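Chains as they are written, first to last, in the numbering used here: chain A, 30 to 273; chain B, 30 to 273.
Fair warning: there could be bad hints in the mix.
Pairs involving identical chains hold if they fit within one copy or between any two copies, as the list cannot separate such chains.
Here are the simulated DSS-like cross-link-like pairs (lysine-lysine), alpha carbons at most 27 Å apart as the crow flies [claimed, not checked]:
1. K220 - K48
2. K214 - K156
3. K34 - K259
4. K259 - K216
5. K98 - K228
6. K53 - K121
7. K259 - K134
8. K48 - K156
9. K214 - K269
10. K121 - K259
11. K34 - K98
12. K134 - K156
Since the hints were made in silico from the structure, they are not lab data.
A quick note: this is a predicted structure, and the numbers were derived from the prediction, not measured.
Each chain, written out:
Number of protein chains: 2
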Amino acid sequence: MIDLKNGERIEDLQCRGLKIIQNKNWFCFGIDSVLLANYCNLKDGEEVVDLGTGTGIIPILLYGKNNVKKIFGIEIQKEVAEMAERTVKLNKVEEFIEIINTNIKDYRKYLEKNHFDTVVSNPPYIKTSSNLISPERKKALSRHEIEGNLEDFIKTAAELLKHRGKFYMVYRPNRLVEVFQYMKKYKIEPKKIRFVQNKEDEEPNLVLIKGVKAANSHLIVEKPLIVFDKDGNYTEEINKIYSS
Amino acid sequence: MIDLKNGERIEDLQCRGLKIIQNKNWFCFGIDSVLLANYCNLKDGEEVVDLGTGTGIIPILLYGKNNVKKIFGIEIQKEVAEMAERTVKLNKVEEFIEIINTNIKDYRKYLEKNHFDTVVSNPPYIKTSSNLISPERKKALSRHEIEGNLEDFIKTAAELLKHRGKFYMVYRPNRLVEVFQYMKKYKIEPKKIRFVQNKEDEEPNLVLIKGVKAANSHLIVEKPLIVFDKDGNYTEEINKIYSS
């Protein structure tokens with residue numbers, strides 16, 4: 030049995046019996062991570078890195094939806110990484126998922142450069158300069174660029190990826206220009222984006238991005254992903270994502 | 030009276046009595062120019078340049094929808110520019126619109142740098158390398174980057190604009206990464222984009238872009254503009270644009 034600590038609960042992910050431990054006092058995973066995991070198109074036997082893995086939700090979902098060889102999840106916060114490790118044990122997937130407790134910028138101590146098929150990331154969205162820092166440091170680290178900014182995440186992804194390796198990311202539309210800028214800077218070509226709108230007639234609040242290392246320049250903008258229908262229920266597509 | 034040449038016709042724009050001359054053998058204006066003109070938010074008394082004006086449709090519509098001081102339309106093709114000039118005369122708007130027959134790269138002979146409130150452009154969409162050139166050179170020049178590529182258009186816009194001047198452009202989504210890249214290079218910050226979809230459940234085929242010279246980095250992605258409803262009729266928003 031797995032010990033739960035103060036504030037923790039186990040959630041059933043409705044996906045091949047997988048479960049996840051979360052702590053209600055910290056940053057809990059949201060729809061962005063679920064959509065990102067679903068957006069990744071992995072071939073059998075891939076080696077994957079998740080930068081800023083948090084609860085480990087993305088490695089767990091990627092494992093559940095694909096036949097991966099190995100997924101490494103890097104998480105800077107010691108207690109959060111430790112909780113993600115217990116999630117790995119709870120699901121008995123130690124063979125497939127490894128949580129590494131380090132700053133993404135120090136990945137070289139653990140992982141090989143130019144090696145991975147896919148790098149995925151749901152990085153902090155908020156510039157440290159632009160908002161007050163949450164007084165609870167764990168939430169702040171997950172939301173703000175304190176220990177790694179957008180450029181660090183993209184630079185690290187580029188270094189980890191092999192030639193033609195794929196990069197998947199979810200982010201805020203209002204920083205898309207910077208995302209493209211850093212991807213170009215580190216030779217990950219943006220190949221596909223999909224905006225996520227809460228409702229059909231609202232502006233998007235998330236954007237899913239696929240890049241390919243050293244690819245040529247041609248972007249596909251997919252039709253928007255709509256979360257709620259006019260009655261406020263999940264759309265068919267969202268229901269399909271949550272049940273697959 | 031205005032003389033019409035072989036292949037020419039006059040179209041009523043349903044906007045303050047304005048008319049336009051087009052030649053059916055050349056490149057005729059499309060919905061992209063109408064949407065772009067409508068996307069521009071001009072204050073009274075602005076001085077504006079349209080790069081690659083073609084028939085002059087954008088200056089004519091901007092004149093019809095705003096109280097501009099002056100709009101210059103630059104067009105490289107002599108006969109097309111001459112036709113646009115006759116459209117200006119037909120509408121008796123010589124005081125407000127001036128067509129300049131030159132390559133946009135040679136604007137300095139006619140227009141002042143760092144001077145204009147707004148620059149607008151519906152540039153050629155197709156890279157010369159990527160497609161066969163249309164055998165009819167006039168159509169080719171309007172569609173392909175023969176005499177000016179994307180970078181030339183954005184560089185010229187940046188040079189013409191005054192500090193905090195606005196740049197409006199319509200383009201293909203699949204080259205959005207390059208658009209952002211050149212805008213950043215020439216210090217026009219992308220501030221607002223809006224994708225145009227033929228139908229609600231289709232991917233966008235156009236993107237409207239607003240940039241501001243020397244502004245800070247923050248992009249608003251607006252809700253998509255849908256052209257046709259489920260029955261194949263223009264949506265309410267498109268009808269409003271065409272009737273305003």
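These are the hints, each one checked on the structure:
no.: 1; hint: K220 - K48; result: neither (32 Å within a copy, 41 Å between copies)
no.: 2; hint: K214 - K156; result: both (19 Å within a copy, 22 Å between copies)
no.: 3; hint: K34 - K259; result: neither (40 Å within a copy, 53 Å between copies)
no.: 4; hint: K259 - K216; result: neither (41 Å within a copy, 41 Å between copies)
no.: 5; hint: K98 - K228; result: neither (37 Å within a copy, 40 Å between copies)
no.: 6; hint: K53 - K121; result: within (23 Å within a copy, 69 Å between copies)
no.: 7; hint: K259 - K134; result: neither (44 Å within a copy, 49 Å between copies)
no.: 8; hint: K48 - K156; result: neither (32 Å within a copy, 50 Å between copies)
no.: 9; hint: K214 - K269; result: neither (36 Å within a copy, 42 Å between copies)
no.: 10; hint: K121 - K259; result: neither (41 Å within a copy, 49 Å between copies)
no.: 11; hint: K34 - K98; result: neither (31 Å within a copy, 69 Å between copies)
no.: 12; hint: K134 - K156; result: within (18 Å within a copy, 38 Å between copies)
Consistency with the previously given hints fails for numbers 1, 3, 4, 5, 7, 8, 9, 10, 11, ordered from lowest to highest.
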